[in-house]
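Asks: Below are the chains, spelled out letter by letter.
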Amino acid sequence: MSNESVYKEVLLDHFHNPRNKGELDAMDTVRRGSNPRCGDEIEVGIACDNGVLETVRFRGRGCSICLASASMMTEYTSGLKLRQARQLIANLQQWFSSSDDAVALNENLAALSTIRQHPARIKCALLAWQALAETLDESEDRNKTGNP
Amino acid sequence: MVDFAALRADFPIFATGQQPLHYLDSAASAQKPACVIESISQCYNHDYGPVHRGLYPLAESASEHYEASRRTIAHFINAARPEQIVFTRSATESINLVAQGWAAQYLQPGDEIWVSQMEHHSNFLPWQRVCRKRDARLRIIPLDGEGLIDLEKSKGLFGKKSRLIAVTQVSNVLGTINPIREIIAGAKQRNIPVLVDAAQSVGHMPVDVQDLDCDFLVASAHKMCGPTGIGFLYGKSDRLAETEPLLLGGGMVDEVDIASSSWAEIPARFEAGSPNLAGAVGFATAANYLHGIGLPVIEQRVKDLALLTYEHLSSVGGIQLYGPGPGLDRSGILSFNVDGIHPHDIAHIAAEHGVAIRAGHHCCQPLMQHLGVSSTARASFNLYNNERDIAALLAAILDAKRILGHR
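Protein sequences appear in the order of chains V and U. Counting in the numbering used here, the first sequence runs from 1 upward without gaps. Counting in the numbering used here, the second sequence runs from 1 upward without gaps.
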């Protein structure tokens with residue numbers, strides 16, 4: 001296998017030992033993301049306090065890229081302010097949609113870098129992140145309307 | 001004794017393309033022999049002109065090359081007359097032509113169109129839509145545990161309401177070879193037309209439309225070592241006469257008047273727009289190439305390779321194989337899943353080994369529902385494959401198990 005393999009150790013570690021995976025009952029907001037073309041289905045749940053993502057968790061099924069990316073996401077977004085979490089999501093999305101080095105990928109997400117060469121799998125890597133973005137939207141909408 | 005190594009050398013991609021290349025995705029699209037590529041190049045370099053539109057020598061020879069290609073394809077599937085071959089863009093377009101140009105005219109509320117559970121979306125969606133539009137019912141021929149069509153559980157298939165049976169000859173997922181002959185024999189007794197989706201059979205095994213006695217049969221060039229962008233619809237002459245053209249425009253009319261117009265003869269009336277000359281020439285060259293090797297030879301070779309792969313995969317453990325089991329006839333298409341590993345990961349790791357396989361639902365979501373999975377990995381064979389390709393596939397699967405299997 002070449003050095004360009006997407007199956008690097010960090011990614012494999014997240015796949016084999018997913019962080020923050022399982023029950024979402026205690027979460028404030030849960031959103032589902034699915035990719036019917038490959039049968040990937042991920043649910044992402046968040047618990048916020050005072051504009052900070054206290055906990056980010058996920059559950060679901062999918063390919064190794066999808067699950068490892070979800071696990072990495074929970075690890076690196078837990079504890080961030082909502083605004084910072086949005087920036088991280090935007091950074092990853094921009095990095096995948098660009099082909100040059102105009103956007104620098106956040107170093108915590110470096111293990112996802114080789115996936116950019118495989119357009120068919122970018123969707124897998126982004127699935128959980130898109131669900132997270134939706135939980136943030138929903139959480140903020142709710143705060144604006146004043147409902148708990 | 002056929003020299004398959006020499007035949008592999010007919011395909012330039014194995015020498016000039018990305019190396020190593022273990023191409024096991026021929027059911028998606030087959031590779032092209034040099035003769036096909038050269039015939040297209042020859043067409044554009046020396047023989048190119050408009051088809052059926054000019055009176056000068058180049059236009060006349062272009063028309064002749066186009067019609068000669070039609071005769072070659074007619075001969076290839078033993079159609080009685082070349083006019084029974086309508087060139088289309090694809091097998092998909094051919095099916096849509098029958099659904100919208102033929103079925104939509106005759107279907108009444110309560111009528112039934114039958115398809116099998118294993119159909120490709122292209123032999124499913126056109127019927128689903130025409131049935132919805134006409135208040136007709138789309139009925140499903142179920143499958144048994146081996147992935148074989150279960151005719152005994154298809155009550156009404158040959159019943160009074162059945163207006164058309166559209167079924168694939170070879171499953172693009174399971175490799176099942178369907179009992180087309182039996183279905184057509186039953187349908188004939190009730191005068192029910194049958195459409196055969198032959199996308200995975202024409203060019204892979206002998207197909208004789210007169211012997212089958214089907215009403216319609218569709219296939220595409222690119223799955224049988226021909227170019228992309230061209231396929232055909234075969235129809236019995238009376239069925240084609242009952243079919244309305246879908247595309248109106250140049251080349252498909254006799255007389256055009258402000259008030260009304262009359263269609264050109266068949267097949268021209270179904271081929272509006274400038275024809276795909278180079279595609280037709282390449283298609284005919286592919287047919288001649290395969291005919292030269294011998295369809296029974298190709299069929300046996302591909303079956304042997306698939307069977308060998310089946311046996312190897314069965315012995316690995318932790319691999320779920322779909323479709324007909326040992327002792328049952330199957331084509332050169334093999335779908336499988338590896339326990340605990342997503343098919344996309346299998347295909348990706350295979351790619352890192354230079355092995356090209358497909359992973360996904362293969363445009364067969366109703367079949368995936370039957371199998372209870374969202375996707376499978378699929379290896380499919382053609383005449384240029386060999387035992388080294390199988391060994392590379394096995395090595396890739398073992399590697400995937402090592403990387404992603406339970407630790």
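Check before you lean on any hint, since a few could be wrong.
Derived pair list, reagent style DSSO-like, types lysine-lysine, alpha-carbon separation capped at 30 Å [said to hold, decoys possible]:
hint, chain 1, residue 1, chain 2, residue 2
1, U, K303, V, K8
2, U, K188, U, K161
3, V, K8, V, K21
4, U, K303, U, K401
5, U, K188, U, K133
6, V, K8, V, K123
7, U, K303, V, K21
8, U, K161, U, K133
9, U, K133, V, K123
No wet-lab data here; the hints were simulated from the structure.
Asks: Hints first: check each against the structure and report whether it holds.
Replies: These are the hints, each one checked on the structure:
no. : hint            : result
1   : U:K303 / V:K8   : violated, 37 Å
2   : U:K188 / U:K161 : holds, 14 Å
3   : V:K8 / V:K21    : holds, 21 Å
4   : U:K303 / U:K401 : holds, 26 Å
5   : U:K188 / U:K133 : holds, 26 Å
6   : V:K8 / V:K123   : holds, 19 Å
7   : U:K303 / V:K21  : violated, 44 Å
8   : U:K161 / U:K133 : holds, 17 Å
9   : U:K133 / V:K123 : violated, 35 Å
Hint compliance for this structure: hints 1, 7, 9 are not met, and every other hint is.
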